[in-house]
Amino acid sequence: MKGNRIIMGWFKKKSKQDRKTPSEQKTHKATEVFEEDETVTINMFQESDEGIPGYPAGFQSEPDSGFVRHLRKGLSKTREFLTTDIENLFKSGTTMEDLWEEIEERLITSDIGVQTTMDIMENISKKFPKISNPDQLKAVLKEEIISLLNTQTAAPEKATAKPHVVMIVGINGVGKTTTIGKLAAKSSDEGKKVLIAAADTFRAAAIEQLVIWAEKAGADIVRHRDNADPAAVAYDGVEAAVARGKDIVFVDTAGRLHTKISLMEELKKIRRALSKKIPDAPHEVLLVLDATTGQNALSQVRLFNNAIGVTGIALTKLDGTAKGGIVVSICSTFDIPLKYIGVGEQLEDLHDFDPALFADALF
Amino acid sequence: MFDNLSERLDSVFKKLKGHGKLKEKDVEDGLKEVRIALLEADVHYKVVKKFINDIKERALGQEVMKSLTPGQQVIKIVNDELTKLMGASHEDLNLSGPVPIPVMLVGLQGSGKTTTAGKLAVLMRKNGRKPYLVPADVYRPAAIKQLKKLGDQLDVPVFPSDAKKDPVKICREAVKKARKEGYDTLILDTAGRLHVDEELMTELVRIRDAVHPSDILLVADAMTGQDAVNIAKSYDEILDIGGVVLTKMDGDARGGAALSIKAVTGKPIKFIGVGEKLNQLEPFHPDRMASSILGMGDVLTFIEKAQSVVDEEQAAEIEKKLRKSQFTLEDFRDQMVQIRKMGSLTDLLNMIPGFSKNKQMKNLEVDERELVKIEAIINSMTPRERRQHTIINGSRRKRIARGSGTTVQDVNKLIKNYTQVMKMIKKINKGGMRGLGRGILPF
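Taken in order, these protein sequences are the chains called A and B.
Residue numbers for the first sequence follow my numbering, so the first one is 1 and each next one is one higher.
Residue numbers for the second sequence follow my numbering, so the first one is 1001 and each next one is one higher.
Zero decoy hints are in this set.
Straight-line distance between alpha carbons at most 20 Å, and here's what the computed PhoX-like set of lysine-lysine pairs gives:
hint, chain 1, residue 1, chain 2, residue 2
1, B, 1148, B, 1164
2, A, 216, B, 1145
3, B, 1373, A, 268
4, B, 1233, B, 1050
5, B, 1341, A, 260
6, B, 1233, B, 1262
7, B, 1373, A, 269
8, B, 1321, B, 1423
Under 8 Å between C-beta atoms, here's a sample of chain B residues computed to sit facing chain A:
hint, residue
9, 1039
10, 1194
11, 1221
12, 1230
13, 1250
Because the hints were derived from the structure by calculation, they are not lab data.
Even for Gly, the Cβ is constructed at its ideal location relative to N, Cα and C.
Produce the complete structure using the sequences and hints provided.
Next comes the structure, spelled out in structure tokens:
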């Protein structure tokens, strides 16, 4: 191992990169929470599982229900967390301190993050030093969260380019392929001619999975063999789309952890390949995030954005009990709009994200 | 994993040690820091709360506050509680009962079940077992095909499941077939499902009751947030899982989910997935993890990793070369390749006791990109240039830079660093360790 000692000399002077999440920077402002002496058991799942157990039963049985109702269903768990408990809080004559702690717990357990939670609570207590009823509190919380979500007001870009090229990226298992299937179906329904480029040539059977989705969505697919160069697939996809007069191209990419430098370089290469045929392609880079992810989602957004520039986010798996609160932190930290939310496994279970509707569904 | 946490703990400990007498407020301030670090690592709110309360209760007790070294006492309590929370030593897969033994993999969509199934098969085969992969995911498009492909890659047999059949029936038939064909362990890869999906959860119970697996592993993503407790709790209540596999540990997740799941279910984390390659599944050692969080390093893992990649003879050869100051750029590259096989350098450094505590070292963030660059530069040299760096003149530097996709400055830097190190080695060979400057680590 003697030689190793020498090698280390090379890295000695690397300064620490600025990787800190905003929540790491000012952390001493923690609110008082150790006050009461109650012993807490780890059995904390009083949160009722009644209501809507999620999908698919309810979802499939009423495909025609209104959009808001549909969304509400998908988000029922998120809504429950803020409504039921807050009302109970006021009923049982709790003190202000308990109330704040409860709010803190609710916000943190929804993955909003420590720092954003502190910020929200600080803002509320500054603006409204006296809150006396649940409706008021709910309204205030809602307003605060909407304002955080609204930092970006970017209207959905009109797909003017033809073909409009959308690249889909994300870590492993977040639902990229499924999201593409849903997006393709949506575009087909709008009367667009869709082509999918199967540039995930790494994961076993990823191409086959996409072929099935393409069939369901009535889209063309461009595919190569397994382990082919993804950039080549992407290029061929765009070329085919131009030749066949397609309106929109979705480029699937293999899932990759944002910390893997060489794989992020590969993404850049795919991006370059896309722009060879059409200089301003890709017109959109959609990052897919899993709603069950915790604080790491911030790191994912940061690193993907640094590598290839993310223009929008799709948040999947909101039909579970995960609250996806991390998007509030993401929206307030980055200037990247949340565009779609996924609330189930069916083709129609993808919705445009609308902060107002989202917040409405929350409360 | 948890590097932020261990940093915080360390600074808290330092403060506590500084006090002769400990006031209640000192302890509380310290614990507040610990609490935030845990929450930011995605440990569940209630788990954190209990952890902090337990420590506080013990730390503010009479004997601690009155003892001569209250700071030390508090640190010991934190150590104890953290070790308790992490669990004891590694628990292996439960493979008991009559052959063939089924092992069931369950979890949410996208948590990594199918990949884990392939990795487990590799591990079992290494242990002399005859694994049989059984794809039981009839829902996700091409899921069966995915496992079939993995099996072909690994040369592990895969049960020919039919996506139109009931998964329970598939599993039952697979057991029969395994018995007939002499496979001793079945790995059942079930479809991903939400823990609140009653219908699909019932299906898992039916599979379990049909084949009686000796172990049920919940496959969970290391990046899971607060919801990890809900997921683990539901799965455990419905299925009575035997353990957990935490996947995607090779990212920068802080892995608080591990603590949450352990606290809520009491079930051990048995394995962790640390890469996309099919041999990248490692047994999880909670005790080692705890000591690594506490800044005590993880020497055991370090040694194990080193042993797995370092070739004794080669090491002796290198040492000889060093002594004679004949360490060429070629040797340098070989060394680097060997070290990189062990994993991320930052992780490796953190396994060394006291490393994270060393102020000078704390800001040392190894940029893996630099390594790639250095390797590329050396690879772009001719063998003669590698052995005799003095012949590398301006035009050669240009060529090397072009060949390696770097700049001449990069090449210059590398050669400069190399010559400096060579000088240092000469000094050491002459005058022992005294010649060691600031540029080299003290180990």
